[in-house]
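Visitor: Quick mapping for you: the protein sequence lines, in order, are chains A and B. Under my numbering, the first residue of the first sequence carries the number 1, and numbering increases by one thereafter. Under my numbering, the first residue of the second sequence carries the number 1, and numbering increases by one thereafter.
Derived by calculation from the structure, the hints in this document are not laboratory data. Here the structure is a predicted model, which means the values were calculated and not measured. Even for Gly, the Cβ is constructed at its ideal location relative to N, Cα and C. A portion of the hints provided could be inaccurate.
[As the list claims (entries may be wrong)] Each pair of labels, with its calculated beta carbon distance range: (1) 206(B) to 526(A): 41 to 51 Å; (2) 119(B) to 265(A): 43 to 53 Å; (3) 116(B) to 331(A): 53 to 63 Å; (4) 80(B) to 398(A): 39 to 49 Å.
[To be verified] Okay, the calculated bits of chain B under chain A, using three or more residues with CB under 8 Å as the criterion: (5) 118 to 124; (6) 315 to 323.
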Amino acid sequence: MEVALRRWLPAVRALPVGWTAAALLLVALLTVPLAVVAVGAFAPAGEAWGHVATTLLPEYLLHTLILALGAGGLALVLGVGTAWLVTMCDFPLRGFFHWALVLPLAVPAYMAAYTYAGMLDVTGPVQRLVRWLTGAGPDAFLYWNVMRIEVLALIFGFVLYPYIFLLTRALFEGRSGRALEAARIMGRGPWSIFLRIALPLARPAVVAGLALVLMEVLNDYGAVAYYGVTTFTTGIFRSWFAMGDLDTAIRLSAILMLVVLVVLGMERWQRGAARYDEAGGGRPVTRYRLRGGAAAAAVVFCFLPLVMGFLLPVGQLGLWTARTAPAVVDLSFLRMALNSFVLASGAAALCVGVAVVLAYAGRIDRTPLTSSAAKLAMLGYSIPGAVIAVGVMVAVLGVDRALTGGTALILTGGLGALVFAYLVRFMAVGYLSVEAGFTRIGANLGSASRTLGASPLRTLFRIELPLLRRAVLAAGVLVFIDVLKELPLTLILRPFNFDTLATRAFELASIEQVPQSAPAALLVIGAAAVVVAVLHRTFSLEARQ
Amino acid sequence: MRGATTVNDSVPDGFDGVTVADPARRTTCRGAGSATAPSNDMLRLDGVAKTYSGTSAAAVSGIDLSVADGEVLGLVGESGCGKSTLLRLVAGLEVPDRGAIRLAGQPVAGPRAWTPPERRGVGMVFQDFALFPHLSAASNIMYGLFSMPRVERLARTDRILDLVGLSGLGSRFPHQLSGGQQQRVALARALAPEPRVLLMDEPFSNLDSALKRGLRAELAEILGRTGITAILVVHDAEDVMALADRVAVMRAGRIRQIESPDFLYQQPRDEYVARFFGETNILHARPREGGFETAIGFIPCAMAAGRSGTVRLCLRPEHFHLSIDANGNAGGCASGCGDVPGCGKAGRPAVVRHVRQSGLHRRIVLMVETGSPGGASLTVDVGPEPHLVEGDTVYVQPKPGCLHVLQGEVAGEV
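Take the sequences, apply the hints, and build the full model.
Guide: This is the structure:
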């Protein structure tokens with residue numbers, strides 16, 4: 001430590017003070033909500049907490065565990081299986097599946113959950129088909145409850161498996177693909193290679209993807225609330241909205257944050273020194289040519305998650321939209337859509353702006369100071385939106401109290417707090433994309449600019465930003481989509497009577513007007529699908545590690 | 001120069017009028033660390049050290065160096081020896097851990113000083129040229145002139161394009177230029193703001209050897225015409241001898257020797273320096289009365305006086321006299337040996353092992369009989385006559401007065 005300090009001391013003297021100060025200040029701001037939650041957990045417990053801890057907490061943990069196991073298990077099988085098939089095997093439609101299997105990422109889990117509830121309930125197509133086939137009466141399956149935690153877990157698996165698919169596919173297409181080819185040349189059969197070489201090789205990527213799946217499960221509020229499954233997020237909402245018990249909300253948030261950190265820690269621990277490749281390695285690997293039954297099985301196996309995670313939910317939303325759009329899509333719907341897009345654009349622009357400041361400060365400061373600080377600012381991407389919302393709420397209430405002595409709410413319930421929370425949650429998406437852009441440019445152009453007399457600011461605007469255009473745009477689009485889909489954080493922090501597409505869809509669904517929620521949902525999914533298909537968002541996936 | 005940075009204020013007349021520098025200035029040549037009038041130093045480094053994070057070995061350490069105004073200093077050494085780090089330290093792209101750097105007497109890095117690169121007035125040509133891909137050649141060159149009025153800026157850009165032989169190509173983008181042209185743009189861009197010191201990092205490493213020779217001559221001329229103080233990092237001894245007034249040989253982050261190119265060739269401090277500047281024969285020798293006892297016989301030399309132990313002698317390939325018979329007839333000396341007293345006497349018998357044509361001379365490898373098994377191998381230059389082939393027996397003898405004693409004693413036997 002002392003040696004390191006002495007080494008950095010001369011560089012500290014040469015820090016670009018303005019940039020470093022700005023970056024550290026931003027990081028400090030972005031870390032406040034998480035710090036508030038962490039600190040709040042150590043405050044003396046209120047009397048309600050005793051009840052929550054003894055009766056509700058075990059239930060939350062159990063439900064979370066069931067969801068995690070079901071979603072994780074299904075996502076593992078689907079993600080690894082499809083990744084292996086599209087990279088190592090040749091079969092009809094392989095090229096299509098290669099990109100299309102990413103599409104379920106565009107479907108927010110809660111929206112998929114609504115459509116499945118609709119499809120499977122008494123008046124839905126599935127039960128009608130079964131009744132028609134069996135000739136049973138209209139009340140034969142009345143007590144056949146599909147709103148079950150197991151069903152929900154599977155739905156999560158079907159929409160979240162692309163995280164595992166993407167990382168594993170990238171690994172097989174990268175340097176590890178060469179190892180698989182080598183094993184083939186040595187005469188190993190495909191199953192032997194898959195089980196004994198591919199799976200061990202893919203482990204870091206698979207586990208990283210699994211960690212992302214689990215984080216999404218922990219983040220969800222819309223789906224579990226609709227299915228009546230109590231978890232941490234429903235607990236946080238209940239204690240905050242129904243009971244006005246901020247203390248319990250903070251404690252639940254802190255425990256949820258701890259669970260996330262445990263998931264992160266386990267991923268780190270099992271990965272050890274192993275790295276997974278991120279990009280393709282140029283030359284495509286030689287694939288197994290599948291024929292007849294094997295080829296048909298491969299096509300079916302790839303179609304299954306695509307149908308369940310994307311085509312069915314989107315199809316159902318399309319049908320509903322066709323039925324309800326004339327009534328639903330009116331001036332207020334358009335205003336709400338505009339609200340969503342303006343809010344998401346603003347948050348995205350701000351997020352990318354901050355990301356550029358952080359990444360550029362880290363680039364020119366010659367010490368690990370700013371870049372380590374930036375890592376802290378990225379933590380928010382792993383933390384469930386509800387937790388961040390509670391942290392922001394507490395922080396903002398505190399500021400208001402300090403400013404007005406508790407007489408008025410300036411920041412609380414304003415758009416500012418909401419946008420700030422988006423920054424906390426999605427800073428990693430913007431930062432990693434911008435950072436990757438900087439890395440591609442290399443350091444020499446900036447250095448050349450400096451030796452030609454240009455200040456860091458001038459260098460940023462004249463050299464780095466023009467060359468960073470694409471990375472900045474990509475970062476902005478990714479954040480835009482994430483904000484558009486975001487639900488729990490928006491529900492907690494949005495101003496009174498302020499609706500986005502996501503919150504509107506949720507509200508309509510929760511008053512059993514699911515078909516009426518479809519146009520809003522379809523608009524969100526449509527925008528997201530375009531972006532997901534184009535950008536594949538490989539780089540934003542690494543954010544959470 | 002309204003609103004111009006203060007950087008250029010102390011710069012002597014540049015190539016606004018493309019003045020030819022005082023030739024006397026180019027010949028300034030002083031030994032490292034020797035006491036000099038500080039007023040004449042454009043650049044001075046005192047005890048500069050830098051270790052990169054994550055590494056234990058210092059990239060550079062204990063660097064004392066001064067470069068006179070108008071001097072061209074070459075930095076040579078094997079890759080990873082710290083040459084480029086030294087350049088980056090001078091440019092302000094790295095911060096030294098210890099030591100101080102002064103530019104024209106002003107501290108720019110040190111315990112209480114730090115001047116960022118943009119305020120140092122130091123131009124740099126990067127190894128990969130680092131041309132801005134989104135700007136044309138002319139805009140690249142103009143980039144550093146932003147504080148100048150537009151008319152002046154354009155005029156200077158034209159003059160500079162002319163200076164580096166790129167008139168008419170200003171509107172091209174970097175990817176539309178050849179490697180040699182990119183190199184010239186990079187040089188022009190660095191020269192345009194009239195820096196106090198020009199730094200060039202491996203200026204020829206990205207060019208093929210035919211292109212390189214032409215560019216080297218041009219660069220020598222441009223350096224001469226502008227009279228600019230320059231440091232060139234080069235890994236080729238030939239390049240540095242053609243361009244530099246003085247050369248610093250670096251190894252493992254330290255400067256081993258800093259002298260004029262001729263001096264380094266003739267009197268290298270140690271084997272590393274000797275081998276860096278051309279082919280050489282290193283002989284272990286024991287000082288005796290009036291000369292050195294070596295594996296190829298006794299070599300009379302006044303330098304043996306007052307020495308003891310085992311020393312190493314450096315003998316260049318042209319420092320030998322060959323005769324084709326034991327009587328010393330028909331010597332195959334490369335040049336002018338008739339004037340050297342003692343030449344003409346037969347030396348040790350040796351067998352020709354390998355003959356290689358190298359320009360006018362032929363370079364041959366000899367195996368000298370020494371009495372010990374295997375003998376000793378010598379590399380020797382000979383003229384076109386007599387015609388020697390593998391297996392011929394010749395007689396070889398160092399020319400008197402040509403050998404050079406390397407510093408440091410050697411443990412072990414001769």
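Visitor: Check each numbered hint from earlier against the structure, then list the numbers of those it violates in ascending order.
Guide: The structure breaks hints 4 and 6; every other hint is satisfied.
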